[in-house]
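**Q** Assemble the complex: chain A is given as a structure, and chain B must be docked to it using the hints.
Number of protein chains: 2
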Amino acid sequence: MRQLSRLLHANCFSSSLRTCRPVFSTPPCRVYPTKCFATTPAHQRYQVPNRKKDQAVMAGDMTTFKGKPFDRPSLESLMKRRLFYTPAFDIYGGVSGLYDFGPPGCALTNNIVDVWRKHFVLKENMLEVDCTMLTPHEVLKTSGHVDKFADWMCKDPKTGEIFRADHLVEEVLEARLKGNKEARGEKVEAEEDDPKKKKKKVKNIAAVKLDDALVQEIEEVLAKIDNYSGEELGQLMKKYDIKNPATNGELLPPVAFNLMFQTSIGPSSNMPGYLRPETAQGQFLNFQKLLEFNQQQMPFASASIGKSFRNEISPRSGLLRVREFLMAEIEHFVDPEGGKKHPRFDEVKDVELELLNREVQLSGKTTVETTKIGKAVETGLVDNETLGYFLARIQQFLLKIGIDAKKIRFRQHMANEMAHYAADCWDAELLTSYGWIECVGCADRSAYDLTVHMKKTGAPLVVREPRKEPLKVEEWQCDLDKKKFGPKFKKDGKTVEAAIEALSQDLREKLSLDLEKEGKIVIDVPGVGDGKVEVPKELISIEKRTRVENVREYTPNVIEPSFGIGRIVYALCEHIYWTREQDEARGILSFPPTVAPTKVLIVPLSSHTDFKPFVRTLSDKLQELGISTRTDDSGASIGKRYSRNDELGTPLGITIDFQSVKDNTFTLRDRDSTEQVRAGLDEITGAISSLVNGREKWSDVAARLPKFEGQEVD
Amino acid sequence: MRQLSRLLHANCFSSSLRTCRPVFSTPPCRVYPTKCFATTPAHQRYQVPNRKKDQAVMAGDMTTFKGKPFDRPSLESLMKRRLFYTPAFDIYGGVSGLYDFGPPGCALTNNIVDVWRKHFVLKENMLEVDCTMLTPHEVLKTSGHVDKFADWMCKDPKTGEIFRADHLVEEVLEARLKGNKEARGEKVEAEEDDPKKKKKKVKNIAAVKLDDALVQEIEEVLAKIDNYSGEELGQLMKKYDIKNPATNGELLPPVAFNLMFQTSIGPSSNMPGYLRPETAQGQFLNFQKLLEFNQQQMPFASASIGKSFRNEISPRSGLLRVREFLMAEIEHFVDPEGGKKHPRFDEVKDVELELLNREVQLSGKTTVETTKIGKAVETGLVDNETLGYFLARIQQFLLKIGIDAKKIRFRQHMANEMAHYAADCWDAELLTSYGWIECVGCADRSAYDLTVHMKKTGAPLVVREPRKEPLKVEEWQCDLDKKKFGPKFKKDGKTVEAAIEALSQDLREKLSLDLEKEGKIVIDVPGVGDGKVEVPKELISIEKRTRVENVREYTPNVIEPSFGIGRIVYALCEHIYWTREQDEARGILSFPPTVAPTKVLIVPLSSHTDFKPFVRTLSDKLQELGISTRTDDSGASIGKRYSRNDELGTPLGITIDFQSVKDNTFTLRDRDSTEQVRAGLDEITGAISSLVNGREKWSDVAARLPKFEGQEVD
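These protein sequences, in sequence, are chains A and B.
Per this note's numbering, the first sequence runs over residues 76 to 789.
Per this note's numbering, the second sequence runs over residues 76 to 789.
Bear in mind the hints are in silico, worked out from the structure with no lab data behind them.
Just so you know, even glycine gets a beta-carbon here, dropped at the ideal spot from N, CA and C.
Some hints here could point you the wrong way.
[Unchecked claim] Over 12 Å on every C-beta distance to chain A, these chain B residues come out as not near it, computed from the model:
{"id": "1", "residue": "Ser392"}
{"id": "2", "residue": "Thr445"}
{"id": "3", "residue": "Met489"}
{"id": "4", "residue": "Val538"}
{"id": "5", "residue": "Pro545"}
{"id": "6", "residue": "Glu549"}
{"id": "7", "residue": "Cys553"}
{"id": "8", "residue": "Lys559"}
{"id": "9", "residue": "Phe560"}
{"id": "10", "residue": "Asp567"}
{"id": "11", "residue": "Gly606"}
{"id": "12", "residue": "Glu656"}
{"id": "13", "residue": "Gln657"}
{"id": "14", "residue": "Val736"}
[To be verified] Cut-off 16 Å, straight-line C-alpha distance, at most; resulting in silico cross-link-like pairs (EDC-like, lysine to aspartate or glutamate):
{"id": "15", "chain 1": "B", "residue 1": "Lys314", "chain 2": "B", "residue 2": "Glu325"}
{"id": "16", "chain 1": "B", "residue 1": "Lys193", "chain 2": "A", "residue 2": "Glu699"}
{"id": "17", "chain 1": "A", "residue 1": "Lys696", "chain 2": "B", "residue 2": "Glu199"}
{"id": "18", "chain 1": "B", "residue 1": "Lys143", "chain 2": "B", "residue 2": "Asp479"}
{"id": "19", "chain 1": "B", "residue 1": "Lys696", "chain 2": "A", "residue 2": "Glu199"}
{"id": "20", "chain 1": "A", "residue 1": "Lys543", "chain 2": "A", "residue 2": "Glu412"}
{"id": "21", "chain 1": "B", "residue 1": "Lys193", "chain 2": "A", "residue 2": "Asp189"}
[What the hints assert, rightly or not] Covered by chain A, according to a simulated footprint, are these stretches of chain B (three or more residues, beta-carbon under 8 Å):
{"id": "22", "stretch": "151–163"}
{"id": "23", "stretch": "700–714"}
For reference, chain A alone in the conformation it holds in the complex (with noise of 0.2 Å):
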């Protein structure tokens, strides 16, 4: 459990990696990875409080929405047996952090992927794009990944072996502590890990009694295990006599391992090239042609929906840390000027969200607050309307496929894990037993990707757009006579050129007086004579006027919602996972009909020939009406096959009994009331469209057609 509330920031899938924390001492506009390369020491830094004390996020207070504690081993090896998901090359060994998705779980994806695409692109026209994977490194190292994307890692030279630094150094003292929690007989948690996981490398160490002093240090330590350098974690390592803990061997310092995975484009080795690690520049790259696309209107908002890579050092927790995984990104470029208001977001003002703001995690609690998103953007908390119509959004997407609303919060970043660009940015978290888990990122990131990659390329990713009223800017202007200025200064004619078109107003008004009295200007032209360039007024002069522009330039700035759909996933199944007091070995997954994986369950009683015409008349009018069934005509009980279907979290069962042959009418079963209702064929399956459509509710149903009072047969 204490492990992993650095889930929150590490592997980040969204914005975040970008809106870390600023590095004052660098340049502006860089790139943050999953760890942050802060370069100035960590107490001069605002420090994200310890949510690892965060009681709400402890295992043990886990429980399902039925209100029993939640088991996640239960959980997990249902998925694995049902197939939700399975380790990737399992008959060679396995790679750890990939993983295949089974039926089960590919249409689980596919049907949240679905829900997600008519919520967000159909419903505000979203110009949805599909680029490449396959990235050159040039555009990467303009966003800043190649420099930045990384993971301090540190080597064992004697046996080869490689840690990823703060989790060995977060490790080590965990385990010191609990031993000096044995040696002072206090009571010691116990393991709450998955038994059936891969043992720690740090195995429990013998119990040695520590300083009451060294004990705070280190609690003070672990508390920011997220925010250390590489230099520092060095530090760290040399003040503890931090080791390999297999062997005891002395390890290399802390190296930046970058998370991309690196190839090679071409039969030439000369265009290397990355797996993208997330799907955001292929939309920054296409901005101008979007925006044509979308006849020069604005505000607009792309969208992507696709894998994207980052090479782990040593991946772990299941699902949420992976190599290979699916995400869903907007864009939603908006004028920066105007308040960046949303035409829609009267529609959502009045919805409620759990929001922890960063003042309240500064005083070191996680106390949220329910407050209306209108309210919110009204009092400045959240940034401008158009964060807060997504993060509304935001979570009516979650409710939708049926995320647990009392699982649900949203965390400001605090002002040092945003980069300096960024004007604002939450995160959706969901509770799982591996804590709050960012699931969703929504940054406001300012105009920074455009801006860098119109900078290195020259390519024009800006709007241009008539003002209503011309505008009228009063500015000194320098005027050459370029027929007597070529001819002076020869070869270095442009570079003076430049220099003087660079010119600060404020200068160029100092510099016409100069011009009056003197006759002559003196101007610093760097890489020319000695820096210094005189130019004598008949080559220039400088004087005020108006110029009048009548179109308006600017470069968009970029509302970005990010969704981690494989978390999304996984914290899903944790949500609505639960089990029947009569039979708790069996789950049960309630997922809304709309994202289950199979919408009907089949059953004929036996798979006696008289039922078949009746499985295939029934499964080719589902199939017809778009409805996912699937067929059990096996020798088990009608009981059993219903509950192992209750486990691929099927919402409906339709049996095909004796009466069925006389009569036609079937029953209709719903999965989380074992309720039966029976009706005709027309009426059977014109409930389930209107179910699995949304239409109407197991109550509805259950209130029109006739209730089924005989027994499941077990």
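**A** Frame of chain A; chain B shown alone:
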């Protein structure tokens, strides 16, 4: 035109890459690359007939479905201008072979994938899986890709330039033929390539007359250009003195260039991996779990939709040969015994296909024969029912998404194109301006894939099923006296035992006589002593007994339909592109409503506020029905707005005019006929829903709703 019929083979994304020509001198069960590494001289092998001479594929003969000449440059310009696709990383100069899909291309692809999923996965209860693209070395070593998935390239050691060997030979020889024609004063065909394309590496060379015999020789070489091995290509380069066309520099001999993108998984460099070149391997590796998921029932199919990657040496031909592409693959697992029947074959047996069988091709022709698939299976032309079933289903799918029935043919692989293990293989080829392009492969791959992975890993990738009748097997069994056996052979005991275990039935029978006669047997055990081992009768007995087998164990065969979605998308666009007689400058893409990127264009007469609520009501109502809309309230004329959307293939348009404000009626326009009807809100949206879901055609709607005779406002 000439060089492109090669696409029929090269860069095939499907099974055929693994079912090319058998390599007679190498061990069984290998994978063949896009270009086959045949080790036998070309003249010893059958030749695929020279499809370059196939008149039907000449670009000049290509017509739109309206019977007018097809103009590829216009279509490609439309597709790029309207952002169906665009070169990836364009503002960074682009990377050849990588394309991004913009909003209409992305929506079109998604809709086609959606139809595919309903047509195959949902309809047949296939087990869809989503496996990782990152694949460790060992898996692709076993499958054969590491050793054999390559093209031939040659390098200019001075300039560092790299050429794909077969392309180079072809281009140089073609240029010489052209020069010869010029020298003889014959008419030279105009350059058919897109003028906007990059120029070929080989510029037109001087007009030099060649001997008649040489011309014929070169023509023969060109006809076989797909079939040469690297060594042969090297010989051709020597024979015809082919050098770097730009510098006339000597080139190094062709070497194999593996087409997989390589990377490294994890922080140490000891786990090399690749991006998958196809989605099939993940399905094979999970076979055992999928069978379990399917409750051990056979036959069943898995399916997968996802990106694959091939590092082409020099990609060309636009969307037809790219480095990252979307595939949809099915692996249908079937019992090899009992003729590979398919339970639903009856449903398709009367479907007529245009078959180009291998006998016809052997005779050097490309005449297709219209044949009912039932008949083709009956006569043995198509190997079995399951293969035949999928051929019919593939055609049904292609027609459903709008492919022109007259531009589909199924070409059977020649014996020398298939791997020896393949039972039969057919490609669905679509006629495009690049020639007949392989878009779907459908191969019976026998038990090859499961067998190699089982052999490598030991995982039981087999089906075990109880026999209805226990099988009685008469066989010679060897019994060893283990107590005496160990002490006698000591460390060699296991090896000798294994050698005995491996003895054939015939040999056992013969040895039983030896044992009786001579009181001992002598067997070959390589590596023990001198390779001959004597076993006396005290240690062994050999007897004929009857064994009863209750369980049957077999490795299923695989029928693999494999779809290149990107190629299908491109071919579709060619098939449904046309222009109106009165407006040839504007193209129209007549997508069926089901796959059209946007279904409805909403056109208010102007941007007047009176119209806004109607726009909102209509778009909200249609979005609720899951129907994508686009509103154009620009100042352009209604006619212009419609024709802009004809380019995007939007099948339906709603006009909101002053009449609408008065009586809440709207006009609905059909893209293809430009006919309009007028009716109230519910009738209009109802008609749209019927059209989009394929329940009605425009003629039905036009017949029941009042025609609108008002002219389009231009």
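**Q** Evaluate each hint against the coordinates.
**A** Structure-based check of all given hints:
| no. | hint | verdict |
| --- | --- | --- |
| 1 | Ser392 | holds, 16 Å |
| 2 | Thr445 | holds, 29 Å |
| 3 | Met489 | holds, 29 Å |
| 4 | Val538 | holds, 16 Å |
| 5 | Pro545 | holds, 20 Å |
| 6 | Glu549 | holds, 34 Å |
| 7 | Cys553 | holds, 32 Å |
| 8 | Lys559 | holds, 39 Å |
| 9 | Phe560 | holds, 34 Å |
| 10 | Asp567 | holds, 31 Å |
| 11 | Gly606 | holds, 34 Å |
| 12 | Glu656 | holds, 28 Å |
| 13 | Gln657 | holds, 25 Å |
| 14 | Val736 | holds, 22 Å |
| 15 | B:Lys314 - B:Glu325 | holds, 13 Å |
| 16 | B:Lys193 - A:Glu699 | holds, 9 Å |
| 17 | A:Lys696 - B:Glu199 | holds, 13 Å |
| 18 | B:Lys143 - B:Asp479 | holds, 14 Å |
| 19 | B:Lys696 - A:Glu199 | holds, 13 Å |
| 20 | A:Lys543 - A:Glu412 | holds, 15 Å |
| 21 | B:Lys193 - A:Asp189 | holds, 14 Å |
| 22 | 151–163 | holds (count 4) |
| 23 | 700–714 | holds (count 7) |
Taken one by one, the earlier hints all hold for this structure without exception.
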